[in-house]
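The residues making up each chain are set out below.
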Amino acid sequence: MDNFLQQLINGLTLGSIYGLIAIGYTMVFGIIGMVNFAHGDVFMLSAFIALIIFMILTQILHLGSLPIAFVVVLVGAMALTALWNWAIERLAYRPLRGSFRLAPLISAIGMSIFLSNFVQVVQGPRNKPAPHLPNHVFNLAVGGTYDVTLSMRQILIMVVTVVLLAAFWYLVKFTSLGRAQRACEQDRKMAALLGIDVDATISITFVIGAALAAVAGVMFVIYYGVVSFSDGFVPGVKAFTAAVLGGIGSLPGAVLGGLLIGLIEVFWSSYFTTDYKDVAAFMILAITLIFMPSGILGRPEVEKV
Amino acid sequence: MSAPSQTSEIAVPTATAAQFVPALRNAAAAGLVAFGLSFPIISYHAQSNINNELVVTARWPLSFGIAALVFAFVFLRQMARADWRIWFDRVGSIAAGGMGGALVQAAREGEGTARPSAARLAFGRYVGPFMLGLVILFPLIALGLLGPGGALKWINNYGVQIMIYVMLGWGLNIVVGLAGLLDLGYVAFYAVGAYSYALLSTTLGLSFWVCLPLAGILAAMWGVILGFPVLRLRGDYLAIVTLAFGEIIRMVLINWVDLTNGYAGISGIPHVSFFGIPFTDDDDGFAAIFHLPYTPIYRTIFLFYLILALALLTNFVTVRLRRLPIGRAWEALREDEIACRSLGINTTTTKLTAFALGAMFGGFAGSFFAVRQGFVSPESFTFIESATILAIVVLGGMGSQLGVAIAAAAMIGIPELMRELDWMKRIFGEDFDPTQYRMLLFGAAMVIMMIWKPRGLVSTRLPSLFLKEQKAVSGDLVKEGHG
Numbered sequence: 001m002d003n004f005l006q007q008l009i010n011g012l013t014l015g016s017i018y019g020l021i022a023i024g025y026t027m028v029f030g031i032i033g034m035v036n037f038a039h040g041d042v043f044m045l046s047a048f049i050a051l052i053i054f055m056i057l058t059q060i061l062h063l064g065s066l067p068i069a070f071v072v073v074l075v076g077a078m079a080l081t082a083l084w085n086w087a088i089e090r091l092a093y094r095p096l097r098g099s100f101r102l103a104p105l106i107s108a109i110g111m112s113i114f115l116s117n118f119v120q121v122v123q124g125p126r127n128k129p130a131p132h133l134p135n136h137v138f139n140l141a142v143g144g145t146y147d148v149t150l151s152m153r154q155i156l157i158m159v160v161t162v163v164l165l166a167a168f169w170y171l172v173k174f175t176s177l178g179r180a181q182r183a184c185e186q187d188r189k190m191a192a193l194l195g196i197d198v199d200a201t202i203s204i205t206f207v208i209g210a211a212l213a214a215v216a217g218v219m220f221v222i223y224y225g226v227v228s229f230s231d232g233f234v235p236g237v238k239a240f241t242a243a244v245l246g247g248i249g250s251l252p253g254a255v256l257g258g259l260l261i262g263l264i265e266v267f268w269s270s271y272f273t274t275d276y277k278d279v280a281a282f283m284i285l286a287i288t289l290i291f292m293p294s295g296i297l298g299r300p301e302v303e304k305v
Numbered sequence: 306m307s308a309p310s311q312t313s314e315i316a317v318p319t320a321t322a323a324q325f326v327p328a329l330r331n332a333a334a335a336g337l338v339a340f341g342l343s344f345p346i347i348s349y350h351a352q353s354n355i356n357n358e359l360v361v362t363a364r365w366p367l368s369f370g371i372a373a374l375v376f377a378f379v380f381l382r383q384m385a386r387a388d389w390r391i392w393f394d395r396v397g398s399i400a401a402g403g404m405g406g407a408l409v410q411a412a413r414e415g416e417g418t419a420r421p422s423a424a425r426l427a428f429g430r431y432v433g434p435f436m437l438g439l440v441i442l443f444p445l446i447a448l449g450l451l452g453p454g455g456a457l458k459w460i461n462n463y464g465v466q467i468m469i470y471v472m473l474g475w476g477l478n479i480v481v482g483l484a485g486l487l488d489l490g491y492v493a494f495y496a497v498g499a500y501s502y503a504l505l506s507t508t509l510g511l512s513f514w515v516c517l518p519l520a521g522i523l524a525a526m527w528g529v530i531l532g533f534p535v536l537r538l539r540g541d542y543l544a545i546v547t548l549a550f551g552e553i554i555r556m557v558l559i560n561w562v563d564l565t566n567g568y569a570g571i572s573g574i575p576h577v578s579f580f581g582i583p584f585t586d587d588d589d590g591f592a593a594i595f596h597l598p599y600t601p602i603y604r605t606i607f608l609f610y611l612i613l614a615l616a617l618l619t620n621f622v623t624v625r626l627r628r629l630p631i632g633r634a635w636e637a638l639r640e641d642e643i644a645c646r647s648l649g650i651n652t653t654t655t656k657l658t659a660f661a662l663g664a665m666f667g668g669f670a671g672s673f674f675a676v677r678q679g680f681v682s683p684e685s686f687t688f689i690e691s692a693t694i695l696a697i698v699v700l701g702g703m704g705s706q707l708g709v710a711i712a713a714a715a716m717i718g719i720p721e722l723m724r725e726l727d728w729m730k731r732i733f734g735e736d737f738d739p740t741q742y743r744m745l746l747f748g749a750a751m752v753i754m755m756i757w758k759p760r761g762l763v764s765t766r767l768p769s770l771f772l773k774e775q776k777a778v779s780g781d782l783v784k785e786g787h788g
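Residue numbers (our numbering), protein chains in the order written: chain A, 1 to 305; chain B, 306 to 788.
It is worth saying that the hints were derived from the structure and are not from the lab.
Only a predicted model underlies this, so the values are computations on that prediction, with no experimental measurement involved.
Where a beta carbon is used, it is the ideal one built from N, C-alpha and C, also for glycine.
Take every hint as true, because none was put in to throw you off.
Simulated restraints on C-beta separations:
{"id": "1", "chain 1": "A", "residue 1": "Tyr224", "chain 2": "B", "residue 2": "Ile441", "range": "48 to 56 Å"}
{"id": "2", "chain 1": "A", "residue 1": "Ala87", "chain 2": "B", "residue 2": "Thr585", "range": "50 to 58 Å"}
{"id": "3", "chain 1": "A", "residue 1": "Ile155", "chain 2": "B", "residue 2": "Ser572", "range": "44 to 52 Å"}
{"id": "4", "chain 1": "A", "residue 1": "Ala200", "chain 2": "B", "residue 2": "Phe393", "range": "21 to 29 Å"}
Let's have the full structure, built from the sequences with the hints guiding it.
Here is the structure:
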């Protein structure tokens, strides 16, 4: 029981990170029907940006206060990652709109290879350890076989995730920007005829996706304390799995899928074996796509002839 | 109704003051974006020191330099005459992805023509046989020009390496180019072939010539096993599921230590022999029996002709199958799956045969890889390999055999050539290593090729069915398949 509780906490923390990345996949797929393969590497890039901003603040500017540093890192990483994703969309995907259907996917694969190797070239191939930060740990249940603990970091990750998700959910559900996005999702040509700037809407979708991926990147660095240039691929695929599991195109679905994937991964490692935990994620991806391609909360796709 | 005036007549811009301000504004915006992109990730370098603590060092000049370069480039492009801008764009993409730009230059001619000129058709007819002859003579030419010592590197690093990818590209071309099924996990079958040979030869002691067909059959079996569940999927979803399968196979290879020895891989795989005669300097070795002085180059030359024969077999089978009902069913499936089904084509068997045949050739290539290296490990079968093979097929022009061969030579040969660029060290300093930019440029080249030449290098296709005479048509008329 103690172990179960502990794993539940760990799984929800990990799931929050996956859910944040999954939103980027699901929004882009919803609006232009493309698997943004480079999104995992955008997430990795954001983790690097966050780490370097933090190092600049503490080492060069000698900032003492951790909460202020955290806010600056979060906002800075979100803004800069959003700029990156905006530029990527502008240079690598927008010229391909209207090209044949596989072109954006292949371009995105190229972008993914480019980004991970770019970070390797400019920052070096070795793992980057984050500096050790104080981490207060609360004991929830003492005396059993395990002490069930909940750390400051885990609380921080879950709280920030919930707050930002609420904010973005409001943005997509109740603002004119969100309405424009949903209109483009349904029928891009009609939306354009009704005066919606389709290109700008798609750009903003990429920007929002990148900002949320940057939040996940900051959380990743805080949680694991280390990041390397190759850390984009596997979390990216897992987050895509989460998006598919929750029903691609659905925002709550992405979060739900993320939490499920996080829980499954943690419980699998805890009760079976850690060796095959990535295999589990890939199996779920394959099984979901084959047997229920519309996911848990998604709408079934209607094939038009 | 008067014809609308051509845009080129309106825009005959000369550098004027009116142009100067917007150009400056655009360039400033682009420069600012470039600076923003490069801000923390390029301007600061995070390195671990001896105590494993991260230390950042500033590299502002690099960051400012990039921003200034982008500013100058965009400004000059805006100020230049309209017909010069295309040259700016070309230079820009060459700077961004060296070989991508070079490939685009080579592929410029005949873009978007539905009916290519007679000269190009004649060129297309003779370039294949000419290149084949050149490839067959390649080891002899290399040997004649460089001698046994110098030729070894060229035949091994360029000849054999490129031919492996030509074969893999042709194998994947059956699945992607003909049947229109986007497969991102092709490397799984390559791995199955390599491990089949490695395990069968090290544990049972079977020879290469017995293992080669076995590896092909095993890979084809896996093609059917992995192909069966994905029959209903289309397009992007198919790509992602095949990617997942490829990764699962790799992870099983890593984790099933009892069988595969995990990350360490399998070493000591028997080398290829000349139909039973080993390439050693023993008395019963190849050199001694044929009364030749011993050098390791005979084995390399034999490997080269072996992979060439395997690749040509792949090509021959593909070209022949295109004319058979099954090949026509593949292409019909690529064009319209629903029409196929209504005409009574069994889409299940059609898709599965494409998967199985493609996988079989992947398996052949894999067992060749194992016999050439003498060592296999999961490291060789990562997703990047799958992406490389897919890039070769797409850049070559899906469905075009010649295009795939040219793309393989370019995508594998040019990064390999970058290893030779030692003179660049004299310019950029000793710690400049051109090889680390290989994958960076590879990724950029994939993006640039998609933007400039989405239909691949060879943009014409020869339909296998025709009414009176066979005409080449533009690649734009060929669908890429629903998946």
